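Residue numbers (our numbering), protein chains in the order written: chain A, 354 to 679; chain B, 354 to 679; chain C, 2 to 366; chain D, 2 to 366.
Hints listed in this document are in silico derivations from the structure and should not be mistaken for laboratory results. Misleading hints may appear alongside valid ones.
[Stated by the list, open to error] Listed below are several chain C residues computed to face chain B (Cβ distance under 7 Å; list not exhaustive): (1) Pro135; (2) His195; (3) Ala197; (4) Ile198; (5) Tyr272.
[Said to hold, decoys possible] Calculated pairs, DSS-like style, for lysine-lysine (alpha carbon to alpha carbon, straight line, at most 25 Å): (6) C:Lys24 with D:Lys5; (7) D:Lys86 with C:Lys5; (8) C:Lys32 with D:Lys24; (9) D:Lys28 with C:Lys5; (10) C:Lys12 with D:Lys12; (11) C:Lys5 with D:Lys12; (12) D:Lys10 with C:Lys5; (13) C:Lys5 with D:Lys24; (14) C:Lys10 with D:Lys24; (15) D:Lys28 with C:Lys10; (16) D:Lys243 with C:Lys5; (17) D:Lys32 with C:Lys12.
Fair warning: this is a prediction, and the values are worked out from it, not measured in the lab. Ideal Cβ placement from N, Cα and C applies to all residues, glycine included.
Here is what each chain is made of, one letter per residue.
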Amino acid sequence: MALMNMVGALNRAMDDALRTDDTVVLLGQDIGQDEGVFRVTADLLRRYGDQRVIDTPLAEGAIVGGAVGMALYGLKPVAEMQFSGFAYQAFHQVEQHMARFHNRTRGRYRMSMVVRMPYGGGIRAVEHHSESRETYYAHTPGLYMVIPSTPRNARALLLESIRSPEPVIFFEPKAVYRSFKEEVPEEPETMELGKAQIARAGTDITFVAYGAMMRPTLEAAEDLADTEGVSAEVVDLLTVSPLDTDTITESVTKTGRVVVIHEGPRTCGIGAEVIARIVERALMHLEAPIKRVTGYDVHFPYFARERAFMPNAERIAHAAREVLAF
Amino acid sequence: MALMNMVGALNRAMDDALRTDDTVVLLGQDIGQDEGVFRVTADLLRRYGDQRVIDTPLAEGAIVGGAVGMALYGLKPVAEMQFSGFAYQAFHQVEQHMARFHNRTRGRYRMSMVVRMPYGGGIRAVEHHSESRETYYAHTPGLYMVIPSTPRNARALLLESIRSPEPVIFFEPKAVYRSFKEEVPEEPETMELGKAQIARAGTDITFVAYGAMMRPTLEAAEDLADTEGVSAEVVDLLTVSPLDTDTITESVTKTGRVVVIHEGPRTCGIGAEVIARIVERALMHLEAPIKRVTGYDVHFPYFARERAFMPNAERIAHAAREVLAF
Amino acid sequence: MPRKPITVKPKLEYLSILDGEGKVDEKLDPKLDADLAVKIYRFMVLARRMDERCINMQRQGRIGTYGPCRGQEAAHCAASVVMEKEDWIVPAFREPGSFFMRGWPLETILRFWGGYEEGCQPPEGVNDLPIAVPIASQTPHATGIAWGMKIRGAKQAVLCYCGDGGTSEGDFHEGMNFAGAFDLPVVFFVQNNHWAISIPREAQTRSETIAQKAIAYGFDGIQVDGNDPLAVYVATKEAVEKARAGGGPTLIEAVTYRLSMHTTADDPTKYRSQAEVTKWEKLDPIPRYQKYLVKRGMLDQQTIDEIEEDVKAEVAAAEERYEAARDVDPLDCFDYMYTELPQELVEQRQEFAEAIEREGHGHGH
Amino acid sequence: MPRKPITVKPKLEYLSILDGEGKVDEKLDPKLDADLAVKIYRFMVLARRMDERCINMQRQGRIGTYGPCRGQEAAHCAASVVMEKEDWIVPAFREPGSFFMRGWPLETILRFWGGYEEGCQPPEGVNDLPIAVPIASQTPHATGIAWGMKIRGAKQAVLCYCGDGGTSEGDFHEGMNFAGAFDLPVVFFVQNNHWAISIPREAQTRSETIAQKAIAYGFDGIQVDGNDPLAVYVATKEAVEKARAGGGPTLIEAVTYRLSMHTTADDPTKYRSQAEVTKWEKLDPIPRYQKYLVKRGMLDQQTIDEIEEDVKAEVAAAEERYEAARDVDPLDCFDYMYTELPQELVEQRQEFAEAIEREGHGHGH
Ligand SMILES: Cc1ncc(C[n+]2csc(CCOP(=O)(O)OP(=O)(O)O)c2C)c(N)n1
Ligand SMILES: Cc1ncc(C[n+]2csc(CCOP(=O)(O)OP(=O)(O)O)c2C)c(N)n1
Ligand SMILES: [Mg+2]
Ligand SMILES: [Mg+2]
C-alpha cells in the first residue's frame with residue numbers, strides 16, 4: 354500500500370498495464386517527454402521507451418483513429434485526449450469506429466482500447482477545459498463509459514479498462530487529480546466495470562453521483578447526518594454506461610427518495626437516465642419527486658463565475674431537504 | 354394550398370427564405386446541380402444561382418465551420434449534412450462554435466444558422482444512414498433541436514428556424530420524406546420553435562413522440578381506440594430541445610399514464626428527459642410506471658434486420674396496454 | 002535575407018506505361034510474368050461481371066442501393082495484387098476486385114449491399130478491413146495499423162484506398178500527416194474517378210493534382226494513369242517496397258473514371274455530360290489491357306473465353322450462396338455489441354425477443 | 002506514356018529582409034513610411050510589456066493560466082497592421098498585439114486570461130473574432146467569413162492565425178481546402194514558433210516547411226523570417242492585396258520562436274534545451290527592429306523612451322480597469338445563451354438565483 358493522489362494512482366495503473374502486457378501502448382499529445390499536462394504519464398516514456406509511450410502531433414481524430422487502427426492490429430492502445438472538451442475533434446472516430454468495429458465485423462476485430470480524458474470544472478481553466486459531457490458517450494451504443502472518484506478506484510478501473518476487451522471512454526475528474534490521497538495497493542488491483550458501489554450506506558434518501566461530484570455528495574450526506582440526523586445512502590456509479598440499474602433500484606426501494614447529482618448539463622444527462630430507470634423499476638417505491646442537482650443547460654462559465662456555478666454540498670443538501678420534506 | 358410531401362414542403366420553406374431574405378445562403382454536398390441526394394433542394398440553384406445555393410467539397414467540418422463564419426459575417430447560412438450519421442465529422446464545430454459564439458461574445462455575434470440533416474431508419478440504406486441521435490444536440494447547451502413530423506409543420510418549422518436568430522439543428526425524418534402528402538399553404542407560414550402540439554386529444558394515456566415516430570404512434574392510438582376504446586392523447590414534441598415541459602405535464606396531469614417513443618438509443622435519450630421532467634413536475638399524477646418504446650442500446654442494424662428493429666405501432670400499443678393494465 | 006524559391010524534397014511524378022490504345026512504353030513495361038499479368042486481368046473481369054450482376058440484382062430488389070466500380074478495375078486490382086498475405090488492405094467502398102483477390106467470398110459484396118452485417122466480416126486469415134462508409138474515415142485506421150507494424154517491428158505494409166472526394170476530409174489530412182510524422186509503412190491510394198457524387202474533381206480542390214497533396218506531408222506523390230494496370234502496378238509495387246524498407250508513406254493518385262452512376266440511387270445525367278462518359282468509355286481499362294496481354298502472348302481468345310465462363314459460374318454460385326443465407330435472426334443485432342453482453346442489454350434483448358415473437362417477424366429481409 | 006516529374010503551379014518562396022543583426026536587404030526593403038514603421042514597433046513593445054505584466058499578474062493570482070507571446074511580436078504585429086478596418090482578423094491565441102492594434106481595450110486580454118467571458122466580446126465596430134481555444138478550429142471560420150465577403154461582393158479580406166501545431170488538425174486542412182476551392186480572400190498566417198507545447202516542429206509533420214502545405218490546396222505558400230517585421234509585412238501585404246483582387250488565398254509561414262513557456266502552467270525545461278532558447282533570444286525581433294528604425298532615422302533614443310513610458314502607463318491603466326470590473330454576476334451566464342431565453346432556462350436561472358442567494362456567493366472570483 355502507498356498513499357497516493359489520483360494522478361499517481363492512474364500512473365500506477367498505466368505502469369501496471371505497460372509492464373504486464375507488451376501489447377499496451379500509450380499515445381497522445383505531450384504524454385511523453387512532458388509527461389502529460391497533468392503529469393499523469395510521469396516517467397513512463399523513460400521506463401518504456403518511445404514505441405510504447407508515444408508523443409503525437411496535434412490531431413485528436415488521428416489519435417483516436419490511429420488507436421482504432423492499432424487495436425485492429427492487435428495492440429491495446431490507451432489514447433489520451435488532453436481535455437474532454439477537445440475530444441469532439443475525434444467524435445466521429447469514436448462513434449463511427451471505436452464503438453462499432455466489434456459489432457460491424459461480427460466479433461472478428463475487437464476494439465480493446467481506452468480513450469482517457471480529464472473532465473469537469475474547478476481548476477480555473479479557460480473555455481473548453483471544464484465541461485462534463487459523459488452523456489455523449491453514454492448515449493453511444495457499444496462503449497463503456499467509466500468515471501472513477503478516488504485514487505484507489507481510479508487505479509483499479511483504469512487497469513481493468515485497459516485489460517478489458519471492450520472499448521472504454523475513461524473520464525478522469527481533474528478536480529480530484531490532486532485533491533486528496535488514498536492507500537493504493539502495490540499489487541495490480543482491478544474492479545469489475547459496469548458495477549456501482551454503495552459509497553455510504555443509509556436509509557432515508559439515496560444520492561446517486563459519480564466522479565468529482567462524489568466529494569460534495571458525501572459531504573452533503575455527512576452534513577445532513579450531523580445537522581438533521583438524516584441517513585443518506587450514496588451510490589457511486591463508477592461506470593455510467595452500461596448502468597448498474599440493480600444497485601440504484603435496490604437503494605431506492607429502501608429509501609423511496611432520491612437526488613441525482615452531476616456536473617454536466619441537465620437535459621438528457623445521466624441523471625435523466627437514472628430517473629427513467631427508477632421510474633421503470635421502482636416507481637411505486639418513490640415517496641417524493643426526484644431532484645436533480647446538476648450543471649444547468651448553459652455553457653460552463655469562464656472561471657471567474659465557476660465557483661458559484663458548480664454543484665456543491667450545500668445545493669445537494671438543500672435538494673435533499675426538499676425531497677425529504679415532500 | 355397545395356398538396357405536397359415533406360420533401361416538397363421543405364423545398365418550399367427554403368424557397369420562401371431565399372426569396373424573402375437575401376442574406377440566406379444554402380450550402381452542402383450535392384445540393385446544387387444534383388438538387389440534394391433526396392431532391393430537397395430541387396430547382397433552387399437554378400432559381401437563386403451559385404452564390405446562394407452552394408455545392409461544397411466533401412468535408413462536414415468545413416461546411417458547418419464555414420457556415421459559422423458566414424453567420425459571423427451576417428449571413429444566414431442553411432447547411433445540409435447529407436446524413437445525420439456523417440454530422441459527427443462536424444461535431445466539434447457544432448459544440449465548440451455554433452452552440453457557443455453568441456454566448457462567448459456576450460451577444461455580439463449571433464449564430465443565426467441552421468444545420469439540416471435527414472435522420473432515422475426505414476429507407477433500406479447502408480450503415481450510418483439510419484440512425485437517430487438527437488440527444489447529442491439536445492444535450493448541448495445553446496442549440497435548438499427541431500424535428501418536424503408532417504409536410505406542413507416541416508415547412509413552417511424550417512422557415513422559422515431559418516428566420517430565427519438562434520442556431521438550429523434541424524432533423525428531417527427521411528422515412529417521412531415521401532410517405533404522405535398534406536396541404537401546405539402558398540403563403541409563408543411559420544410556427545413558434547420550442548412548442549409541442551397535441552396531435553391527438555385523449556384522456557386515458559399520453560404518448561410522447563416526434564418526427565418519424567409520430568406515424569406509428571398515431572396509428573397505435575387509433576388502434577387502441579378502435580379495438581379497446583382507449584383514448585390516447587398524442588404529444589408531438591416538434592422541438593426536442595428546449596423542451597416544452599408544460600404541454601407534456603399538462604397532458605400527464607390529465608391521463609396519469611405515459612409511453613414515450615423514439616427511434617434513437619434508449620439510454621439518455623429524449624425519452625429519459627421527458628420522464629425526468631414528468632417526475633419533477635407531475636410525479637403524484639402518475640398512476641403507472643412510464644414505458645419507453647425506443648431503439649435499443651445497440652447499433653442500428655443493417656437493413657435486412659431493420660424492419661424488425663424499428664419501433665412500430667404494435668410495440669407502442671403493447672406498451673400502452675401494459676401501462677394501462679398496471 | 003533573400004527572396005528565393007523553395008525547392009521541396011519529396012518527389013512528384015507522373016507515370017503511364019500502357020496507353021489508351023494498348024500501346025506500351027517498352028522501357029517502362031514491368032514485364033510481369035504471365036501468371037501475375039493474367040491474374041490481374043482475371044480479377045478485373047471478375048470485378049466487372051460482378052458489378053454488372055449487382056446492378057441487376059439491385060434492379061430486381063434483391064440487394065439495396067449499390068455503388069458500382071465500372072471503369073476503375075485496373076486501379077484497384079493492379080494495386081491490391083501487390084500486397085502480400087500478411088499485409089493489410091484498408092478499402093474505401095469501390096474496390097470489390099480487391100476483396101475478391103484477397104479471398105473474401107464473392108457473396109460478401111452482395112451481403113454488404115444487401116443489408117447484412119455479414120458483408121463486413123473479414124474471413125479468417127485475411128487481414129483486411131471491410132468497406133468504410135464514412136468517407137476517408139478509414140485513413141487514420143490505415144495509419145494506425147501501419148503504426149502497429151512499426152511498433153511490433155513487422156515487415157508488413159498497408160494499402161489504404163480513398164476517393165478524390167475523400168481527400169477533402171480532415172481524416173485524410175490527419176491520417177496522412179501522422180503516417181509521415183512517424184514514417185509508417187503505408188501507401189495511400191486515391192482512386193480519382195473525377196466525381197464525388199455530383200461534385201467534379203476540379204471543384205473538390207484547387208490543386209491541379211491529388212498527388213501533389215503528398216508535398217504537404219513531406220513524402221512522395223505519384224500520379225498514374227489509373228486505367229493502366231501496368232502503371233498502377235509499378236507505382237504501387239515501388240511504394241510498398243519503399244514502405245516495407247522503412248522509407249515511409251507514398252501517395253498514389255490513380256486517374257480513372259466512374260463509368261456508372263454514383264450509386265444505383267443516383268442519376269448522373271443531372272450533372273455530367275454523355276460526351277464525357279463516352280470519352281472515358283474509350284479508355285476502358287479492360288479492352289486496353291486485354292489487347293496488351295494478347296499482343297504479349299499471355300492471353301488468347303480461348304483463355305479470354307474461359308475466364309469469362311469461369312467468372313460467370315463464380316458469380317452465379319455467389320448469387321446462390323447469397324440467396325441461401327438471407328434468413329437471418331434480427332435478434333442477433335445484440336450479439337456482437339460487446340465481447341460479453343452487459344445486463345442492461347440482456348434485458349433489452351429479451352424485450353426485443355418478446356416483441357418480435359408477438360409481432361411475428363420473420364427472419365430478415 | 003512517360004515517367005516524368007510533375008511541376009506544380011503554386012509559387013513557394015522564402016523571404017527575409019532584415020537579418021538578426023538589423024542589417025537590411027536594400028532591394029527588398031519595403032521602405033515603410035515612418036508612421037507605419039513606428040506603429041509596428043510601438044505595438045510590438047506594447048505586446049511585450051503587456052505580456053510581461055500578464056506573467057506577473059498570473060504569479061500574483063490576479064489572472065489564471067496565461068499563454069505568453071514573447072518573441073512572436075514581429076510575426077503578428079507586422080501582419081495585422083496590414084488589415085484595414087473593414088477587414089476581419091481571426092486570431093488563434095498568441096496574438097495580443099493584434100488585438101491592441103485593432104482597438105480591443107488592453108484589459109480584454111486580462112479578462113480573457115482572468116476567466117471572464119468579457120474577454121471574448123469584440124468592441125463595437127471591430128470585425129474580429131476573440132481568442133480561439135480549440136486549436137485550428139477557427140480556420141474554417143476565416144474561410145466562412147471570406148466566403149461571405151465573396152458572396153456579398155465586398156472588397157474585404159480575412160487574416161487567419163494558427164500555430165505550427167494547429168496545421169496538423171483536420172480543421173486546418175478543411176478550411177484551407179475550401180478557401181482554395183472557392184478562391185476566397187483569406188490569408189492563412191501560421192506562427193511557426195517551433196513548439197506545440199512539448200512537441201517540436203519536426204515531430205509535428207514530416208514536411209520541411211509549413212509553407213509547402215499550400216501546394217496541397219493549389220495556392221501559393223511563402224515562408225518568412227517571422228522575427229523580421231519587414232518580411233512579415235511585405236508577405237502579408239502582397240497576400241492581402243492578391244486576396245482582395247480575387248487572386249485567392251495564400252499561406253504564410255512565419256518562422257519565429259516561443260521564448261517563454263507554453264503557458265504559465267508549463268515547464269519547458271522538461272523538453273527543450275536552454276541552448277536553443279539562448280540562440281533564439283539573440284534573434285529577438287524587438288532589438289533588431291529597433292536598430293533598423295534607428296539606423297533609418299525613424300526612431301531615436303528619446304522616442305524609444307517615450308514609447309516605453311506611454312506603454313507602461315497604458316498597461317497600468319488597463320490593469321486598473323481590469324481590477325475595477327472584476328465584480329461580476331455569476332447569474333448572467335444564462336443571459337447570452339440565446340437571443341431570447343427559453344422557458345426551461347428561465348426556470349433554471351431562477352433555481353440558480355435562489356441557490357447563490359442561499360449560499361451567499363459573492364460576485365465573481
Ligand atoms: C463523411 C461522409 N460524408 C458524406 C458521405 C456521403 N457520400 C457517400 S460517397 C460520397 C462521394 C465520395 O466521393 P469520392 O471520395 O470521390 O469517392 P467515389 O464515390 O468517387 O468513389 C459521399 C459524399 C459519406 N459517405 N461520408
Ligand atoms: C483541439 C485542441 N487540442 C488540444 C489543445 C491543447 N493545446 C493548447 S495549445 C496547444 C499547442 C498548440 O500548438 P501551436 O498550434 O503550435 O500553437 P502555439 O501554442 O505554439 O502558439 C495544445 C495542444 C487545444 N487547445 N485544442
Ligand atoms: Mg470520386
Ligand atoms: Mg507552435
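So, going through the hints one by one against the coordinates:
1. Pro135: Where the cut-off is 7 Å and the nearest Cβ of chain B is about 6 Å from Pro135 (chain C), the hint holds.
2. His195: violated, 14 Å
3. Ala197: Holds: closest Cβ of chain B sits about 5 Å from Ala197 (chain C), inside 7 Å.
4. Ile198: holds, 5 Å
5. Tyr272: It holds, given that the least Cβ distance between Tyr272 (chain C) and chain B is near 4 Å, below 7 Å.
6. C:Lys24 with D:Lys5: holds, 18 Å
7. D:Lys86 with C:Lys5: Violated - the C-alpha atoms of Lys5 (chain C) and Lys86 (chain D) are around 32 Å apart, more than 25 Å.
8. C:Lys32 with D:Lys24: Violated, at about 60 Å.
9. D:Lys28 with C:Lys5: holds, 13 Å
10. C:Lys12 with D:Lys12: Roughly 17 Å between the alpha carbons, so the hint for Lys12 (chain C) and Lys12 (chain D) holds.
11. C:Lys5 with D:Lys12: holds, 10 Å
12. D:Lys10 with C:Lys5: Roughly 16 Å separates the two Cα atoms, so the pair holds.
13. C:Lys5 with D:Lys24: holds, 18 Å
14. C:Lys10 with D:Lys24: Violated: Lys10 (chain C) and Lys24 (chain D) sit about 30 Å apart, past 25 Å.
15. D:Lys28 with C:Lys10: violated, 29 Å
16. D:Lys243 with C:Lys5: holds, 19 Å
17. D:Lys32 with C:Lys12: Measuring from Cα to Cα gives roughly 39 Å; hence the hint is violated.
Taken one by one, the earlier hints fail for this structure at numbers 2, 7, 8, 14, 15, 17, listed in ascending order.
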